[in-house]
Amino acid sequence: MQRYSIFSLARNALTGHRNWPQAWRSPAPKPEYDVVIVGGGGHGLATAYYLAAEHGIANVAVLEKGWLGGGNTGRNTTIIRSNYLWDESAAIYEKSLRLYEGLSRELNFNIMLSQRGVLNLAHNEHDLKEMARRVRAIRGNGIDSEILTPAEIKKLVPAINVSKDMRYPILGASLQRRGGVARHDAVAWGFARGADDRGVDIIQNCEVTGIDRKGGRVTGVRTTLGPIKAGKVGVVVAGHASVLADMAGFRLPIDSHPLQAMVSEPIKPVLDCVVMSNAVHVYVSQSDKGELVIGAGIDSFNSYAQRGSWQIIEGQMGALVELFPVFSRLRLMRSWGGIVDTCPDASPILSKTPVEGLYFNCGWGTGGFKATPGSGWAFAHTIARDEPHPLNAPFSLDRFATGALIDEHGAAAVAH
Amino acid sequence: MSGPQYRLPAHALTGGRIDRDRPLGFSFNGERFTGYAGDTLASALLAYGSFPLARGFKYHRPRGIFGTGAEEPNALVQLETGGRSQPNLRATQIELYGGLTASSVNAWPSVEFDLMRVNDWLSPIFPSGFYYKTFMGAGIGAGRWWRLFEPFIRRAAGFGRAPAAPDPDRYERMNAHCDVLVVGGGPAGLSAALAAANRGSRVILADEQAEPGGDLLAGDRSIDDAPAMDWVAAALGKLDAAPDVTVLRRTAVAGLYDDNFATAVESVGERFGPGAPEHLPRLRLWRIRARRIVLATGAHERPYAFANNDTPGVMLGNAIRHYAGRYAVAPGRQAVLGTNNDSAYRTALLLAQAGLAVTLADARETPPAALADAARNAGVAVEAGCVVSAVVGGRRVRGAKVGRVLPDGEISGAPRAVEADLVGVSGGWNPALHLASHRGAKPVWNEAQACFAPADLTALGVGAAGAAAGAEILADCLEQGYAAGRDAARAAGRTKRTRKPALKTDDGAAGAPIRPLWAVAERRSGGIGGKAFVDLQNDVTVKDVALAARENYRSVEHLKRYTTLGMGTDQGKTANVTGLALMGMETGRPPDAVGTTTFRPPYTPVPFGALAGRDRGALFDPVRETPMFDWHEANGAVFEDVGQWKRPYAYRRGGEALEAAIDREVRAVRNAAGVMDASTLGKIDLKGPDVVTLLNRVYTNDWETLKVGRARYGLMCHEDGMIFDDGVTARLADDHYLMTTTTGNAATVLGWLEMWLQTEWPELRVFATSVTEAYATATVAGPEARRLVSGLDSDIDWSDEAFPHMAVRTGTVLGAPARVFRVSFSGEASWEINVPAHCGPALWQALIDGGATPYGTEAMHVLRAEKGFIIVGQETDGTVTPHDLGMGWAVSKRKDFIGKRSYKRPDTARPDRKHLVGLLPLDSSTVLPEGGQIVNDPAQEPPVTMLGHVTSSYKSPSLDGGFALALLKNGRNRMGDTVHVLRLDEGADPARVVAPAFYDRDGGRMRG
Amino acid sequence: MLLIHCPWCGPRDESEFGYGGEADIARPPDPDALSDAEWADYVFMRTNTKGRFKEQWVHIHGCGRWFTLVRDTVTHEHGEAGVFGGVEPEADG
Amino acid sequence: MADSLAVTHPLADPLSGPPEQTGPDSAAVVLTAEPPLVLLDLRCRDRAALDGFLKKPLGLASPPVARAVSNARGVLFRLGPDWWQLRCRDRKLAARLLKAGAAGPVGATDISDAWLAVGVAGPRARDVLAKAATVDLHPEAFPAGSAARTLFGRVTVVIARLADDEPPAFDVTVSRSNARFLWRWLADAAREYGYTLKPFSGGGA
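Residue numbers (the numbering used here), protein chains in the order written: chain Z, 1 to 416; chain R, 1 to 1008; chain B, 1 to 93; chain P, 1 to 205.
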């Protein structure tokens, strides 16, 4: 792998950048792999990377039905945080945040992590009580979190409206300073380049059409490029988890919904941290390119269409203009949709399955991007050892039968 | 700036749409200019010549006006100042008004001299995606360099600025329905609208320009031997007169959604600028539901790339035609036009007629004879087989190079220098597929026309006509438009038959096919110097596309994301197809094998304010007021938002502090009598013989034994066994019950009952009706309460014998029919008096006059916490069972109910789950923090073992000290233990675990 | 934004409706007889079909009735609505 | 339906808020706060039974869903297949029906004070309502006798067109707690055309 650096940029400038190597290969699939990862999004690529980097398992293929990073990885609002209520969630999201903090260096690929802070607004008495509980729990887990007054919020975010005359005035906020944003494509590309460099085959435009089993054990997958044998199969396909589970003969506690996101035209810096409001239903940050990146809740109905309904956009724009009256004349430039897989307890599934050698990583709902490295790291462990790491053991499928749910509805960015 | 020297004199074929009698003064970058009514800011500025009025996004090279409308990539400006300031508007879409003020964006200190131009000279080390390859901070400390560099990147990025003050303008939304929505008011769109209107359809025609006409606005076309704009005027006359036709001018359709829902933005007051009439909204967002849609959206011209093709003075060929024909502006004296198709010939003719020296380089070896002859006859120098290969100039065009182009796209030999101050380029036409793309239609590559054509969307009720469907001549546009309008009307059920008009057009002899051509610069090593841009707005060059290919970012989405091609505010209207084609050439694939670019809504950017509409400020969300709201407001109430309701939190008397008010209210209830407005509690009237069966299934406890005139408390759970609501239900008659719910869940619980009744238990004969708002509810509580209610004019016997705790009585109070519940959430003897809502204020006033102290929700919270009564959402959070709360007494063992089975699951059956307990701080002056985490060992370093949290905590005037409710792991088995509640920063407060009841544990007071 | 055909009110905007998810999930007659896994299957597990999907909607801001709809979760095209027992559409309704 | 307690109307004079007349044409939209209602909620699974229940006292038969019929005694709104609201002209009729509906196939509930009616009339009435209502109010789609329960922005209402007037007159039923919000909303939405406000000025139901 040719290392990236300011020096390599300068060196390549002398040859008009004609000698840069491929960031990753485009190999044809081999007939058999030790591990096949279904899904070439951030989580799948991270899984492959950590399988190779941490467990010495490099005979791995990542099968992607479209282009790598093209699902929710390339469609989300890039928010990273670990301010979760329950211990189990805090542990895995914090692991992920810590991996993010060293990821650019680890991957030799700048993922543009920007720890500019994530602010969660409180608009009523109930919000304030929830916030107090959450901040204290987060701090108990050794994760940074603090409570801000409206005056402190205004200082941090001068464009925000803290007037008491608002329909739902801002009464306070919690702040995780280590939270922030990263460049979503770069996370996928960085993991892809790192995995490829360690021998992983990334195979794009290869859709899995069946999961082969024999005697309760997985033996491989069928794909649009032909059958591929595998000792183990890890499925990380976000919105399509139920479809893959159906191929393997079981059901998941998951519904797929549209989640829309949008950006404004680029403008000069006006917002220096991530602002989220559950009560008035919107979240917003400003990208390095100058676009305001905006999202809110899911569409109510099940869908695999990667598009949602209009009233969702109107709703969140009303909320945004209410919070930031000076944004009223900025303009929506582009909106799009992804398919999110939601679990009843708003927590993910990172688990062994009823089929031996088959593992599922899904149910991240609206918040999977922030978990990308941690999820891949824990999933790689689960696949390599055939048993969950303590970090993801609580997120096993059997919790739905035992009742040990991890209800994070309050933590999902905006209610779902 | 030396006068509008490029404004053409009045002439039959130029300037048809400006009003020379109405000059308008305006300022740009502080300089004064004059244009005319009918101008855009762009045309008015171009009358002064092509000068730099913008800077490129990345390299900050000077940029001028490139197009005429939504496709414009360069000319972004900041319009006006203060609260009405608007960043990033395209000068080509701003209608000129008197006094307009605009300035350049993204240049410092000025657009004439921009320091960031240094990026252009440093560009060798800033190829596409350079930022992914550096600032990783290797060996220095993760991310440190990036943290240093990021603020610079951020400041350099972006175009204009957000206004510094709130937006003073108003925005409207309008819902509309029609049989046929026609998008685009060019010849095809007008023709379609006429056809549909003739059939009696309800039609909406939306056109984004100040006036419809589309390409005919250039003024050089004729229909039926008369100027084509006469036909346009006649068509509009008919449409405007038809009762069920709405012509929306200045209205850009922004997006198409499922079931033919379209959004469009109409500019209403905007075109008047800050002086717009006060009553007019600035913009109106149309939400249109159409049975059928006709896309007559036209096509966007695309350039081919050559060296320095971003120099001010390089423009789209057809844009030059429109500036001349519509606005009487030709920003040059010597024009060089490069083309690979027929359309540039009309531009050449018009410019020649306007007196410019014109060279037309047609890449085709054999241009169509009729067109070439006509051009030559008009004095145009036609150079066959030639292209514009470069421009020289820098800040404006000072010359062009024209060379012969070989079949493989390379330039043969040294190109010839041509004197020029205006360069037009036409590389072909891209049908405007954006709206079809919103519906998920994958475009189809048309090899013959070298463009993506729209997929067939007939099944979705969407048709395309005219240039949007690939039509190249006017006759086809009119024909296709008519057919599409007729078919749409028919499909919408309008069967009236009409006759198609026969129209004569000036299309002339057949032309010749396009010669596909994407880039002519830098295709061979040692070629012509200078950057050749594919995406002018995002500064993506031909070389950048090659680099993406080399690094294997080869799918269209990787190309876009890696290079940012097509990701700008123009969404790559002039760039995307060229980028795809170049990537195809790099990788040996046809353009559609690279992928088809997916256009996202909106078609053109939409201001947030227009999306928010009226949902802002006081009208952001409904404010629900109880009947007694006015009294509360007039008597010092501090309100809290509970859902959409405004509820009094406490009533401040005089200069009283909030805490003092709450304390006073609590004491009043404990020592005398208080009255609370409980009107917001959900009330559901249940009638029918099977109500008791329903109650047994939705509540955890038994309901068979409830007698008429009595009330009972119940808990409601989901199937997962977790509590989601609680309340008291009373039996008013044999088959008649009244259920109460929490304020926040009133609608949810009614919906829950209806869902089960309709979808699962249709055999149950129960009618459920919300009566929440039919009644005003005043809760009178305290030792003096009986004396107080007994003083009301009423036929109800208030004595304990006649009206015991948990009884319900109906009668009259002050002459009004009343339902009274003897229930207590405060722990005192308490009556909830319900009277018809309109009578609420009178009842309330009578109670106040009788001596009751009004108390708010916070005093109520303190009172109930002292009793250990829970609040759903505070003591519960969706993870709490009745057993967890120690309310196993309310869980029936004899019957099934929703959620019951879940209690047998291993985790739910654990004896050491979190239980509701009371906590008494060892130091009674301490009020434990709500949300405080409970630990055994306060000295443990994080992550600490957290055993639960404080759910409610108050200072009790009755107990004279702090007390709390908490959820504590294994709490019921830890009575008497000392635990510690962590403070926010450091330290912890010790507290003793006690039963969750602090006041009048045997309940004597509320029964008394 | 979907245009949903309520069996009683005709086509109305999606915003008037509440969504009830997958249809035909019958409550088990005797929950106590089920294993934990069987109970979890009823409470939590869903088919989440990609393609033609039978689902429940309620016209919450209209007639208040629940009904079923077969809708394609990829194209969002939807067909005939189905009604629950107890109340049937009238010929003139 | 109170007899002696003073009745309070949330849309009564003086109502703080929007001016009572404004805009280019103050007759373009006229908002009228109707007097308090006498209103019954009627539920029945069998339309024939409902017709039987109402025939004698009211003299009206049920219209189809989303339609209303009226006579001198009242207005019968059909909100759903099993759901009606009856606006009575006098209280005695309502009391009689309530008593009759205490048992049997028809469930009758007094919801008089839960709802208020606002008249929206004038040449631009349709436009003002279309700013929030997603139902098609064109005369062809919404002829006289139409009565749609629908979402108006964020508030559930019943929009009815009882007579075949042109310019049209619409009757909007809104829950009491939302009445002032709706009133202010409509006034604000009518600003661009001009409006006249007629708050309730006394007189009971």
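The hints are simulated quantities; they were obtained by calculation from the structure and are not laboratory data. Heads up, a few of these hints could be off.
As the list claims (entries may be wrong) - Here are some of the chain P residues that sit facing chain B, going by a computed Cβ distance under 10 Å:
hint	residue
1	V65
2	D82
3	W83
4	R184
We put the beta carbon where it would ideally sit given N, CA and C, even for glycine.
(message) Given P:V65 as an interface hint, is its Cβ closer than 10 Å to any Cβ of chain B?
(response) 5 Å, holds
(message) Does P:R184 hold up as a contact with chain B if the rule is Cβ-Cβ below 10 Å?
(response) 21 Å, violated
(request) Please verify that hint: P:D82, Cβ, nearest Cβ of chain B, below 10 Å or not. (result) 5 Å, holds
(message) Under 10 Å is the threshold here; is the Cβ of P:W83 close enough to any Cβ of chain B for the hint to stand?
(response) With Cβ-Cβ at 6 Å, under 10 Å, it holds.
Figure legend: structure checked against the earlier numbered hints; the only hint not met is number 4.
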